[in-house]
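There are 2 protein chains.
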Amino acid sequence: MNFSSKILEDAVNALSSLPGVGKKSALRLALHLVQDHSDKANKISEALIRLSKDICKCKVCCNISDHDICEICKSPSRNTHTICIVETARDVMAIEDTNQFKGKYHVLGGVISPLEGIGPQDLSIDLLIQRIKSEQTEEVIMAISPTIEGETTIYYITKLLKDMNVKVSIIARGVSFGGDLEYADELTLGRSIVARVPYQIQS
Amino acid sequence: MNFSSKILEDAVNALSSLPGVGKKSALRLALHLVQDHSDKANKISEALIRLSKDICKCKVCCNISDHDICEICKSPSRNTHTICIVETARDVMAIEDTNQFKGKYHVLGGVISPLEGIGPQDLSIDLLIQRIKSEQTEEVIMAISPTIEGETTIYYITKLLKDMNVKVSIIARGVSFGGDLEYADELTLGRSIVARVPYQIQS
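Read top to bottom, the protein sequences are chains E and Z.
Read in the numbering used here, the first sequence has 263 at position 197, and its numbers run on one by one without any break.
Read in the numbering used here, the second sequence has 198 at position 132, and its numbers run on one by one without any break.
Quick caveat, the hints were computed from the structure, so don't treat them as lab data.
A couple of the hints might just be wrong.
Pairs count within a copy or across copies, as identical chains cannot be separated in the list.
[Stated by the list, open to error] The list that follows gives simulated cross-link-like pairs (lysine-lysine, DSBU-like), each with its CA atoms no further than 30 angstroms apart:
| hint | residue 1 | residue 2 |
| --- | --- | --- |
| 1 | K89 | K106 |
| 2 | K89 | K119 |
| 3 | K125 | K233 |
| 4 | K123 | K90 |
Required output: the full structure, derived from the provided sequences and hints.
Structure representation (structure tokens):
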């Protein structure tokens with residue numbers, strides 16, 4: 067690309083460092099901002115600076131938060147005896163969007179993955195164990211991706227919790243609602259037959 | 067979306083104001099920046115602030131530039147007697163990338179479009195006319211999109227240039243190189259037959 071402006075070139079290079087943004091998309095965004103007469107570029111800049119400077123991790127659950135303790139951990143209306151263990155802050159948002167869970171969360175920060183050099187010590191597992199002890203948790207729900215790394219992580223945490231008086235459950239796996247059976251993968255379909263549940267008429 | 071952080075929410079709203087960036091993409095970008103431990107967010111912010119503050123239009127050709135006069139207008143090696151008229155700064159980059167044009171440019175800033183309320187006075191046409199007079203231009207090349215608005219703009223400028231001793235040409239239109247004839251649209255294919263040119267063996 068032949069840039070007529072070094073400033074434009076720098077902006078394109080900076081924007082294309084984002085995941086999924088190629089040089090051509092970055093150029094389109096940068097030219098949009100050059101031609102934009104509102105305060106959009108400044109607003110985005112300010113938001114990104116605050117994102118890198120002011121955002122922190124909740125000291126209790128490791129979720130993304132504006133303060134030391136996040137809104138969910140602070141909330142008196144949430145059930146403190148159930149902790150849902152997730153990989154990332156994105157998963158907390160996905161579960162919150164369902165409106166089906168009123169307990170608290172714990173964000174691991176990833177899954178155990180020897181190939182990527184991520185061991186248990188890189189995740190917030192120690193903090194989770196401390197929390198379960200101090201908060202007198204009754205149930206932990208594993209809402210972790212059903213991948214090999216995810217299963218390893220679930221197995222590891224479950225072993226750690228074995229001698230602690232806490233119920234461990236795992237989110238249901240099976241065919242998706244609205245999905246066609248013929249398009250479900252063999253493993254999912256096979257397991258959903260093995261793990262069938264008694265049918266209940268919804269009232 | 068249930069955000070656990072107002073800062074994150076602001077960043078997602080700011081990023082999703084960009085064209086082609088939806089809320090989910092914006093969230094993915096913002097979470098990437100939160101988890102990124104390099105200086106990426108600051109670099110992008112700085113680049114965008116400079117983009118909105120320091121970038122200007124070349125006073126001669128209206129192209130995007132870091133200075134009052136752009137590099138192309140300043141360059142002594144470019145042919146000053148040919149001006150290529152384009153719609154936007156992006157078009158200058160596209161033509162420069164071909165390495166086939168060594169003259170100068172003039173960026174109109176759009177095309178005449180009554181539906182969108184863009185008239186000749188909103189484009190840099192007056193400046194173009196002054197320029198052609200003062201620079202003793204011999205040829206102008208219309209590199210404007212072959213749309214109804216583009217054709218209108220070409221017609222308008224050509225009429226203005228009628229009494230000035232300047233050759234007006236238009237970039238060749240026809241089927242794309244590497245394209246299949248069966249996929250070319252009827253209008254393009256039809257016109258490319260009507261506007262056929264003598265075949266020359268390339269030496």
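Comparing the hints with the structure gives:
In this homomeric assembly, K89 and K106 come within 30 angstroms of each other (Cα to Cα) both inside a single copy, at 20 angstroms, and across copies, at 16 angstroms. Taking the shortest alpha-carbon separations for K89 and K119, both the intra-copy value of 27 angstroms and the inter-copy value of 22 angstroms come in at or below 30 angstroms. For the homomeric pair K125 and K233, the shortest alpha-carbon distance inside one copy (24 angstroms) is at most 30 angstroms, but the shortest distance between copies (72 angstroms) is not. Taking the shortest Cα distances, K123 and K90 sit within 30 angstroms of each other only across copies (21 angstroms), while inside one copy they are farther apart (34 angstroms).
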